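Visitor: Spelled out, the chains give:
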Amino acid sequence: MVTQTTEPVATPTEPAAAPKKASHVRVSTAQAVYIIWYRDVLRYGRDRTRLVTSLAQPLLYLLIFGVGLSSSIGRGALGGSGAPSSFSYIQFMYPGIIGMAVLFTAIFSAMSVVWDREFGFMREILVAPISRSAVALGKALGGATQATIQGLVMLVFAPIIGVHLSVISVIEVIPLLFVLAFSLSCFGVAVSARMRTMQGFQVMMNFLMMPMFFLSGSLFPLSGLPAWMTVLTRFDPVAYGIAPVRSAVLGGTGLPQPFVDRVAAVTIGGHAVPLLLDVAILLAFGMVMLGVAMRSFRHRD
Amino acid sequence: MATVAALSSQPDPTVDAAIAVAGLVKRYDKVTAVAGIDLEVARGEIFGFLGPNGAGKSTTIAILCTLVKATEGSASVAGIDVARHPDDVRARIGLVFQDPSLDAQLTARENLTFHAMVYGVPRSERRERIDRVLAMVELTDRADAVVMTFSGGMKRRLEVARGILHAPEVLFLDEPTQGLDPQTRARLWDHLRDIRQATGLTIFMTTHYMEEAEWCDRIAIIDQGRIVALGTPDELKSQVGGDVIVLQTDDNARANGEIAARLGVTAVVDGETLRIEVADGAAFVPRLITALSMPVKTVTVRRPSLDDVFLKLTGRAIREGDADGMQSFMRAFAARRG
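Going down the list, the protein sequences come from chains U and V.
In terms of this note's numbering, the first sequence has 285 at position 285, counting the first letter as 1, and numbering is strictly consecutive.
In terms of this note's numbering, the second sequence has 54 at position 54, counting the first letter as 1, and numbering is strictly consecutive.
By construction, these hints were calculated from the structure, which means they are not laboratory data.
Please read all numbers here as calculations on a predicted model, not as lab measurements.
Think of the CB as a built atom: it goes at the ideal place given N, C-alpha and C, for glycine as much as any other residue.
Mixed in with the good hints, there may be bad ones.
Quick list of the computed label-pair ranges, beta carbon to beta carbon [claimed, not checked]:
hint, chain 1, residue 1, chain 2, residue 2, range
1, U, Gly291, V, Arg226, 39 to 45 Å
2, V, Arg226, U, Gln199, 37 to 43 Å
3, U, Gly200, V, Asp16, 45 to 51 Å
4, U, Thr29, V, Asp16, 29 to 35 Å
5, U, Ile171, V, Thr71, 56 to 62 Å
6, V, Ser124, U, Thr197, 40 to 46 Å
7, U, Gly291, V, Ala135, 42 to 48 Å
8, U, Ala56, V, Arg193, 51 to 57 Å
9, V, Arg127, U, Thr49, 26 to 32 Å
10, U, Thr49, V, Gly152, 24 to 30 Å
11, U, Val288, V, Asp16, 44 to 50 Å
12, V, Arg226, U, Val288, 46 to 52 Å
13, V, Pro182, U, Gln57, 45 to 51 Å
Just a few of them, taken from the derived set where beta-carbon distance is under 7 Å, the chain U residues facing chain V [claimed, not checked]:
hint, residue
14, Arg26
15, Val27
16, Ile35
17, Arg39
18, Phe121
19, Arg123
20, Glu124
21, Pro129
22, Ile130
Bound-form chain V, shown alone:
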């Protein structure tokens, strides 16, 4: 699986990437928002940009969407250079902003019709496409209701529907589930994955929700304008030291000796339990159990979270940026800081 290649894997230049970024730098008067980013996202991938606000993820997404010009470096989306042909890029991307950008006085269908017209969807295809995207996000029965009457989750779903209406090659989502309750968030993710499954769309999203990042195929953790880690959620978590196995037997001391002798790893005695750190806990447990001569009373495998990864890589918890996180990326770069 090319898209979930190992951490060390180099992007293959022969792959026709959905997004390719090289040496990207964005400097404002005194602030360097993006300090040299290299990145390649394969077609059909769900790629997450994870980091606190002010880390540079919003500026990067704004450059990719042609809303901001890079100071140095190059970026292409759907194979098209964002600096040289911004209009061609815009025609091939869909955007879902953190803040609503719907016309609340128009109906769902009218909002979609406007979008279809602006993106040049032929009149003969409009109706069918609008019906299809409305069905995808389960808003068919509200198609002719004025958007003003919609809940926050419905508005976001409508925006996702609008974002894919013109069959873009890449869908950008900036903090797509910000401010939604967990149930609505999970449902939106179901929709996004269904859409990806159905259309092969590439999804590029920013988030500072760790849980959300777990749903991505690959994640880049960005801090102070640089990518500090890049890989699948599992790869990133394995950077912390893999899984933690907590084991309890009738004779922990003897078990400890057997583990060291037969499996070559060191366990730590922690009260009534033994703690073992291994790269791949799921694969290690069967070996562990067959290696031991005594019955195992309990065994649990705990996996490090992305919070642990971020903390380890940056020395800070991601939530510190939350106050800024309430800003949309448009406002964020209007204030000249990504």
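Just chain U, with the same shape it has in the complex:
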């Protein structure tokens, strides 16, 4: 009872007991990107229900919207004169819905940045001796991977829609979906890096994501619109992602190529934007957003 002695709890001060030098080396930026990406993909793979449920919304659009409008619009009504009579609205809409799956997944996976912040894991990442830019890029690539997979899963519905995909069109679609997914993922991370709460992110995203979806040409052709809407659609980066995907998906169906080009392409001043320019515009948008995201990460806490 008397003694709370000053017995020092065996403080190792001798060199022999000194902490052994850590044998680790600092990870490179590329490794750091990979680690951040790997965790997001690991979580995505674990969450099987998410893969299934996130298909529900695009399917709902495709089946209800698509079937409903196909019936009322009628065949051959899209694409002006020379439209093949076999071409229906649902076939037009199908590539747009693939794009929608990519858009929604890319944005929602960026929510993990806000989620990580709210549940504390972001601190583990931010105090680690890795570059903050690598964190932003890893997050963007993680979201892009998930969104690309979600988009590709949508391809299984092609036979039901009456779109016959060739191997070549599938091979074309993969990189095109990835570019779209990556750019939108960068955008999502740029927004989420500045958001403090989940609610804030959701409100923000509804204000941005839904207009981006509606103006992208997913649901209707971007030609013959009122002037104001034409301008808005040309400023929607998603439009430059949907156009090449639509061209690739419909290209393998046996529809005449000039018709496919006409119905798919975004026109600026009457000229159709070529595929490479579509990709370039999309990537430029993605890069700017990635820059914004990296900046936010670097200047955080």
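We have chain U; now place chain V onto it with these hints.
Guide: Quick look at chain V alone, frame taken from chain U:
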């Protein structure tokens, strides 16, 4: 024992300190969170930062962890300047936050694997090191369970395991046992001391639990951005006037006279007992008993607590800051106040 030097001892500049802080100041717009702190922590020491929230301890730890930049002064951790080489410092420190920072959807092992990868632990060593730290905190059997299923105490233990996984030189713990029940808290402390024993790790922690501060080798009491006292728990408590000895004999009046004559200290008659304040009660009791000519009926030695020390030094009880104490230090400095 260099690390438990007397209060007046000056830090030896030749010692390769784990943490060295000189003239540290952190000012936010109008608030001075840290008002000039000098500090040296030896390697292998368990050092406690004690004070209410808002005292500046959270800001100081954030500066040492390179999460916040100091306004003035310098700080080095593991011999590296925190302002000039923050990434090198981060690679050499472990951090355990007050709030959980685990990925609840991953397993314990996956959380540790992520950490090992980020800190560059070579692949060949990962598995063995992860197994070792899991064993240290007795979580081996839960290694492959998803963290979501863990109790609060298990999560904290896992965070400690993660904090030491990359063999850091200094482990920072911010209110490590906040919100844990006393049993879990004591167990976590056992783990921490075992780890220190095994690895020679330096531990720097903040707390506002007095009981916890007692487990540290040395404590700095911080108030309003300044260190108001620094020393071993016993040294700090001796500032209050040492121990209180309560004595009961058959003849207290005569005993009082003998104590004054033979031991040179003044006892106070307090009812049926005599109270004596001495610097070192444990050493005084044998002298006291031999000095007295009459049999002693009872003798007790009561030691002042750190609560008494804090109260004496600051004029306030430490618990006043409790409402703020619920905040984590990350949130605390996000709100621009340490």
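Visitor: Take the hints in turn and mark each one as holding or not.
Guide: Going through the hints against the structure:
In this structure, U:Gly291 and V:Arg226 meet the distance hint of 39 to 45 Å, their C-beta atoms being roughly 43 Å apart. As the Cβ distance of V:Arg226 to U:Gln199 is approximately 40 Å, the hint placing it in 37 to 43 Å holds. The given range of 45 to 51 Å is respected by U:Gly200 and V:Asp16, whose C-beta atoms sit roughly 47 Å from each other. Here the CB-CB span from U:Thr29 to V:Asp16 is close to 31 Å, well matched to the stated 29 to 35 Å.
A hinted range of 56 to 62 Å holds for the C-beta pair U:Ile171 and V:Thr71, which are about 58 Å apart. Checked against the hint of 40 to 46 Å, the C-beta distance between V:Ser124 and U:Thr197 comes to roughly 42 Å, which is consistent with it. Between U:Gly291 and V:Ala135, the C-beta spacing of about 45 Å keeps the proposed range 42 to 48 Å intact. Look at U:Ala56 against V:Arg193: about 53 Å separates their beta carbons, and that is inside 51 to 57 Å.
Between V:Arg127 and U:Thr49 the CB atoms are about 31 Å apart, so this pair conforms to the stated range of 26 to 32 Å. Taken as a hint, the range 24 to 30 Å holds for the pair U:Thr49 and V:Gly152, whose Cβ atoms sit roughly 27 Å apart. Taken as a hint, the range 44 to 50 Å holds for the pair U:Val288 and V:Asp16, whose Cβ atoms sit roughly 48 Å apart. The supplied range of 46 to 52 Å is met by V:Arg226 and U:Val288, whose beta-carbon atoms lie about 47 Å from each other.
A hinted range of 45 to 51 Å for the beta carbons of V:Pro182 and U:Gln57 is consistent with their spacing of about 50 Å. Among the interface hints, the one on U:Arg26 holds; its C-beta lies about 5 Å from the nearest C-beta in chain V, closer than the 7 Å criterion. The interface hint given for U:Val27 holds, since its Cβ lies 5 Å from the closest Cβ of chain V, which is under the 7 Å cut-off. Taking 7 Å as the C-beta cut-off, the interface hint given for U:Ile35 holds, the closest approach to chain V being about 5 Å.
The restraint placing U:Arg39 at the interface with chain V holds, with a minimum CB-CB distance near 6 Å, inside the 7 Å limit. Nearest Cβ of chain V to the Cβ of U:Phe121: about 5 Å, under the 7 Å cut. The hint holds. Evaluation of the U:Arg123 hint against chain V yields a held restraint, the C-beta minimum of about 4 Å falling below 7 Å. Hint on U:Glu124 holds. Least Cβ distance to chain V is approximately 5 Å, under the 7 Å limit.
Hint status for U:Pro129: holds, given a least beta-carbon distance of 4 Å to chain V, under 7 Å. Taking 7 Å as the C-beta contact cut-off toward chain V, the hint placing U:Ile130 at the interface holds, the least distance being around 6 Å.
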